Every structure is written in C-alpha cells, then in structure tokens.
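So you can see what is in the structure, the chains are spelled out below.
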Amino acid sequence: MRRQKGPSLHMTWSCFLKINAPHSHSASGPSNGWVSVSHSCPPTRGTFSFKAAVTATDTTTKVKMESRSVIYANHLNLKATELRLGLPGTTEEPKKEKTVHAIRNNKRQVRQTSEESISISKASHVHTPPAKAKIVGWPPIRSYRKNSLQESEGDGIYVKVSMDGAPYLRKIDLKLYMGYPQLLKALETMFKLTIGEYSEREGYKGSEYAPTYEDKDGDWMLVGDVPWDMFKTSCKRLRIMKASEARGLGCGV
Amino acid sequence: MAYTFSFPEEVLEHVFSFIESEKDRSAISLVCKSWYEIERWCRRRVFVGNCYAVSPVMVIKRFPELRSIALKGKPHFADFNLVPEGWGGYVCPWIAAMACALPCLEEIRLKRMVITDESLELVAKSFKNFKVLVLTSCEGFTTDGLAAIAANCRNLKELDLQESEVEDLSGHWLSHFPDSYTSLVSLNISCLGNEVSLSALERLLGRCPNLQTLRLNRAVPLDRLPNLLSRCPQLVELGTGVYSTELRPEVFSNLEAAFSGCKQLKSLSGFWDVLPSYLPAVYPICSRLTSLNLSYATIQTYDLIKLISQCRNLLRLWVLDYIEDAGLYALAASCKDLRELRVFPSDPFGLDPNVALTEQGLVSVSEGCPKLQSVLYFCRQMSNAALYTIARNRPNLTRFRLCIIEPRTPDYITREPLDSGFGAIVEHCKDLQRLSLSGLLTDRVFEYIGTYGKKLEMLSVAFAGESDLGLHHVLSGCDNLRKLEIRDCPFGDKALLANAAKLETMRSLWMSSCSVSYGACKLLGQKMPRLNVEVIDERGPPDSRPISCPVEKLYIYRSIAGPRLDMPGFVWTMEDDSSLRLESSR
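If you're matching them up, the sequences are chains A and B in order. In this text, residue positions in the first sequence follow this note's numbering: the first is 3, and each later residue adds one. In this text, residue positions in the second sequence follow this note's numbering: the first is 632, and each later residue adds one.
Derived by calculation from the structure, the hints in this document are not laboratory data. Model, not experiment: these values are computed from the prediction. Misleading hints may appear alongside valid ones.
If you want the footprint, here are the derived chain B segments under chain A, 3+ residues with CB under 8 Å [claimed, not checked]:
1) 936–947
2) 974–980
3) 1162–1168
The calculated lysine to aspartate or glutamate pairs, modelled on EDC-like cross-linking and capped at a C-alpha distance of 16 Å, are [claimed, not checked]:
4) B/756 <-> B/737
5) B/1133 <-> B/1119
6) A/177 <-> B/904
7) B/664 <-> B/640
8) B/788 <-> B/710
9) A/244 <-> A/199
10) A/177 <-> B/877
11) B/1085 <-> B/1110
12) B/759 <-> B/738
13) A/136 <-> B/1119
14) A/148 <-> B/796
15) A/187 <-> A/175
16) B/762 <-> B/738
17) B/692 <-> B/668
18) A/162 <-> A/175
19) B/1086 <-> B/1110
20) A/148 <-> B/737
21) B/1061 <-> B/1110
22) B/1158 <-> B/1207
23) A/148 <-> B/794
24) A/136 <-> B/983
25) A/136 <-> B/1037
26) B/654 <-> B/1088
27) A/148 <-> B/904
28) B/1086 <-> B/1119
29) B/894 <-> B/934
30) A/238 <-> A/210
Idealized CB from N, CA, C, for every residue including glycine.
Sequences and hints are given; from them, build the entire structure.
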C-alpha cells in the first residue's frame, strides 16, 4: 500500500515540525505554530517547493508559522515573498487547505484503481518520504508482522514514471494492468497525451511521445518490445520520451 | 494444637486432581512433606516460564506423571530482534529427556524456542498418546518435521504453529495425515509460506468432525474457501487465507453462504490483501463474532466501520491503524462488551503519520467500552490529559501497552514528559498487571510506578528515565514484578546492585543499551549464585575491555539449574564464587 502525498502533506508535516516553546497560541507570535513544507516529488527530480510565510509585524523578519487553519496576513502579499525552487515557467498546483483536525491521506485512491483506470484525482504527484534511520527493534513490532506489511506493499509492482518536460514524477502499479493496451491508455490519461500504436518495426510512429523503460540490466528499451509478463518483472522505471529521442531504441530497430 | 489427619493418599490425590492452577498446586506442595509427595505424583501439567530456570531432569524427577508441559525460551525482546541469532532456547534436551522418561506425555507447548525436525520426529515416535503441539514464535524446523507429526500422531488434536518461522519445503506434509486420522480439533498453519495441498486439506477437514479451529495461511485462495468451510460447518474459529480474488458474483454468494453455514463461528482472522467488495460476505455472521483479527487487513476506515458496527458482541479486536479515530469512535459506540483492543501501525517506519489516528481514538474507546481490560496501541502523539482521562475512565485495565512511535516524544500539547499521564494509569488501574511505556519520560514516572504499581508483573521500558533512581524505584517498589525489560535507558550499576536480592524474586531482567558495567555484572554473578547473569556482547569477550565498560546486553534470570551449557560465543555467564574457585585451581 503506497501512500500518496498530495496537498495535505503540509498537514502531516505540521505534526512534526512544531517549532519553539509551547503555551503561546497567539497567531502573531512565532511560537507554537507550524512550518508548512510541501514536497511535490522526491528531491531528485522535478520541483521542490518550500513555502514560508513571512511577516513584517516585527522589525526583525521572522518566519511566521501557519497554523492549521490558514492565516494570511492581510497586509502582506504572500505570493510575492514565496520562496520557490522550480523549473522556470512552471506553477505549483494550488493546495487545497483543510481545516480538518484529522490528518488525511490519499490511500483510498490506490484501492479504487484496481477496478477502474488510474486516476489520481487529488494528488498530482506522488511523494516518497525520506527513509528514517532505523533503530534496531523499534517500533516494537514482530518480524512476521513487519514482513506481512512489506509483502502487501510489495504485492504491487510499483515503478516511477517520468515524462520529459513534466515537473512531477508519478508512480504506478504495473500489477493493475492486464497488458500493454491498458498501460498505455493509463499513461495517456495520466499525462494527457497520445502515445499511439506500437509497431515492432517502427515503434510508436506518428505520435509525439514514446514510452520507454529501463530494464534490470540498465538498458533503455521501448515499451512493448518484450512480452508483457517479462516486461512486468524486468521494468525498473518508465520514461515517456519525445519521439525524436526514442528513435534509437527498441530491439530490432 | 496439632491434628493428625490420615486420609489415605488416594483420597488426597483425588482432591488435588481438582486443583488445576499451578500456583495453587505449588502452594499445596509446600504444606508438608507428605502433601509434597502426593502432589508431585499427581501433577499432570507444568509450566516452565524460563526453560533455563530448571533442568529437564529435575522436572521429570519431580513430576513423573506429567502429561502436559509448557516451556518458554528466549526473552520477550527477541520478538524485536534484540536477542542475537543463536542465543539459545533449544528444546532438544527437553524432548530427549521426556522421550525416555515420560511416554505418556500428551501436550507440548513452546514459546520462543528453537525446535528441530529431529526433535519433532522424536516427539512423533515417542509419545503414543500425543495430542497437542503448540509452537508459538518458534523456529528451527521445516515442514518435514510437520510431516512426521502428521504421519505418526494418531491421536493428535491440536497442531498450532502460531507465528513460528517454518522453513516451508513443500505443502505436501499435510498429506501425511493418514486416511484413518479423524481427531483434529485445532489447526493453525497461518505462518506457512507455501500452498498446502488443498485437496488433502479438504479431505482432512471432511473427516474430522470435531474440528473447531482452522487458521489457514495466506496462500489459500479465496475462491477455495467456501469448499473448505462446507466440510467443517461446525467451525468456531476461522482464519482465512488471502481475502481477494477476481470479482465474481458467484464467488461472493458462495462465500456468503459458506460463512452463514458456520453457525458456531465466533472468531475470524486472516484477511490478507482484502478486497473490500468481498467484506460484506461476512456481514451475516458479524453479530455472533466475539474475536476479530484484522491486523493484516489493509482496509480503510469506512469499510472497517461498516464491518465493526455490526459486531455488537465483539470482545476482542486486533486492527491496523487504518481504523483511525473515526473508526475507534464507531467501535466504542457499537461494541460495548469489548475487552481487548490492539491497534497496530500500518507504516511504522514512515516519518509522517499516514492515518488520522491519534490519542483521541483510544480515549473514545476508554469512554465507550466499560469492560475494556487490555490495550495495545501504536500511535504518534499522546498527551498527559488523554492518559488521565483513560485512567479515570478505565480503572479496570489490566494490560496497558502504549507505543508512541517516535522515541522520547513529549506530550504534544504541553511538551512536557508523559510522567504524570502514566502515573495516573498506575494509580487508578489498581489491578494493572502489564505495562509498556513510551514517549518522553523522566525518573518521576518510575517513582509513580514503584508507588502504585503493586500488582504489576511485567514492565517494558524504552528510551526513558534519567538516572539509576528510576530503576531503583521500580525494583524496590513493585512487589509483584516478575519480568522487567529495559532498552536504551541510562540505568547503571547502582540500582541493580542495591536491589540484587529482588532479582531472585523475579523471573527475569533484560537490559540492553543501558549503562551497566561489566564489573557490576561480575559482582552480581559472584554474589548471587541462584541468578544466571548473562552478558551478551557481540563486540567480543568483555574481559578484553575495561571492567567499567558498559555491556551491550544483559539478561539476568533466577535458576536452580546453574549456568547453562549451550551458550554461543557471544554470551558469557558470570560465574559465582564457587566456580571461580574451581577455575583458579586448574
């Protein structure tokens, strides 16, 4: 079961990034608030966006923490002071702020996708949280239980999908598809493009994009070159390339 | 005034036979020598909480007519990989001794022990009336050993491999039950990895009319379940296999009918890889359920609520934290008879919470379930206020195990340690037997525990305390303490040495990543001959380091068998004075 982190990520982080002394709940002070951090995708690719609201209420510039309900200082243009690292020209998707007390995740979507084509409605991206340095034997869970959890996660064949020019990585579960046609349809829906028909001789002729994948040996292949089952087990990650770049790929071409 | 009663021995024996509890039996044996003698000849059942506390020969000599033995091996923290592989807990010497001397033995129950195929074969061949084999969290054997049991134990009633690590060579072992074998009452193979022969299983179930418990393994497909259930409609406890398959209406209706056909079914478990669409098949029997183990079921709050709110007679629920606060609120509203709740983490190693489960869920249950006695709860935040509330709501708690996932997490509201919250628990829950602590804790929590935890028998501590005073409070205050396990706490020599005598009144003490020096261990070993002081250190012999150097791990247990002889290279038993003299005279 993979977690998908969407706009609500900042809520989840808020539990952990509580900074400064307790007691003061005032909105104006810097104590007892939340730093909102949004990860749009793993730092290795794409956009990383860190948003800190800055207030000028004190003479020294302090970082003002957003509390659970969004507080926008009305004398400040937050967007102007927003710190962002990202590809030029790309805009971050507007986050849906929730004042909900509970911390929600988007795990439901993974379950639904087993019956319909993949549609990540809320989250436009997938976040894999950084691995925590593990303490031996903590939390105190027995091995067979840990293994079970891992097994159910490992039941799916999750691969990252990137597309040239798109700011975010996606992740899909290859186990959900019966064959290439469904996979390609899903990719088309996900990235809003057309991939076209596969032909052994000419690859994905006539379309702007071609789906490629890196196999276990590290070679980049054209999706569709090998039988589906072999593909499922050997595919490490997917990359939707511009067709022009993909020309050299594919076996037999 | 002295009375001399001269009941014939047979009469006393007959009277004693009605006394089943081990504690009472022990009390009887202490009355006088003749009662000791009579009692030992009619003792049928013995429980050895630490297999190294006594030798097999001693047990057999004292109780020559044993029919049932239960043994525990490794310390509890072995469950969490804190005890290195190969530490011990071998049952082989016990089986070998009993095979010779106790041919009428019927029951063997082992927990956290190492048992080999050879031992299983010996069991199968030596005990003609063998009935019960329960291996909880054991390891060291393969399905070949199981085949030997199946083939030879004509009167076997119970085969329970609960959570053991079995090398699964093939599912064929099940076929070794002969066609004439019909006495199965309980079968738990949920830990096995491979598929068992389903046709053999079906035939087995069909010919065992007394079968009450069946816990299948994950490999049993859902669409075969109805067939299996139809062979044993008298089932009381069922563990399903994988709970998903292609969505087909006839599979669903077969499943629903099969469940409904089991009129005695009270307990459900299994539920790996649940496809929510198949859950409603269980709805018709929900009102009968008293025990539900959904701790492998990755289903969401909504589906969980729909299921649980129909289980009005639930006594026990094990579930993943997908249940969230909302689900626990629903549980509290629907299941007024609930005695035990365990909430396991779905993502124990993730940095962020992935579910909306907080302390509130537990508070709701403590409010809504007046009979709640036993709690195991994994969460990411806790407050003293919540703990006060829980304590006041539920003074009848007997087991309270709280695991706040991040070590040393303070009260999330006040940022203070959780000392007073846990203090409230021990103060109000006067019958508390078992307690596991977590979160940010100072020595004060141990002061509370020492003061109020008078019935406490088992305490688990991790990443807590500030000084030896903490340990001292516990050792000096908890009159009924039997098992104490500690990891990563700044407890050192002083408290341990000051309370050395206490250690003989306990079953065992485990300390790892603490500050107990090798010197203190040696001293303890020397002065306390009836304690085995084991230093477990994978860095090499403790002699190669300064005597003040803290040991990695320490396991102290009382024993009348002396130091054990099967220690691996990384375990040293601190010798007592008498053996030191022998050493120096060599």
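Handout entry: Given hint residue 175 of chain A paired with residue 162 of chain A - CA-CA distance at most 16 Å
Key = Given that 16 Å is the threshold and the Cα spacing comes to 9 Å, the pair holds.
Exercise for the section: Would you mind confirming whether the straight-line C-alpha gap from residue 136 of chain A to residue 1037 of chain B stays at or under 16 Å? Expected result: 11 Å, holds
Problem - Straight-line alpha-carbon gap residue 894 of chain B to residue 934 of chain B, limit 16 Å - result: Distance ~24 Å between residue 894 of chain B and residue 934 of chain B Cα, so the pair is violated.
Problem - Pair hint residue 177 of chain A and residue 904 of chain B, alpha-carbon separation not exceeding 16 Å - result: Measuring from Cα to Cα gives roughly 14 Å; hence the hint holds.
Problem - Hint consistency between residue 136 of chain A and residue 983 of chain B [alpha-carbon to alpha-carbon, up to 16 Å] - result: Distance ~14 Å between residue 136 of chain A and residue 983 of chain B Cα, so the pair holds.
Problem - Given pair status - residue 737 of chain B, residue 756 of chain B, alpha carbons within 16 Å - result: It holds: about 12 Å lies between the C-alpha atoms, which stays within 16 Å.
Problem - Residues of the stretch 1162–1168 of chain B with Cβ under 8 Å from chain A, three needed, outcome - result: With 0 residues close enough to chain A, the hint is violated.
Handout entry: Agreement of residue 654 of chain B and residue 1088 of chain B with the hint, judged by alpha carbon distance not exceeding 16 Å
Key = Holds, at roughly 15 Å.
Practice task
Take a quick look at whether residue 244 of chain A and residue 199 of chain A sit within 16 Å of each other, Cα to Cα.
Solution key: At roughly 15 Å apart (the allowed maximum being 16 Å), residue 199 of chain A and residue 244 of chain A satisfy the hint.
Exercise for the section: For the pair we were handed, residue 187 of chain A and residue 175 of chain A, check the Cα-Cα distance against 16 Å. Expected result: 14 Å, holds
Exercise for the section: Take the C-alpha atoms of residue 148 of chain A and residue 796 of chain B, compute the straight-line distance between them, and say whether it is at most 16 Å. Expected result: Cα-Cα ~13 Å, so holds.
Exercise for the section: Confirm or reject the coverage of the stretch 974–980 of chain B by chain A under the rule of 3 or more residues with a beta carbon closer than 8 Å to the chain's beta carbons. Expected result: holds (count 6)
Of the numbered hints stated above, those contradicted by the structure are hints 1, 3, 5, 8, 20, 28, 29, 30, listed in ascending order.
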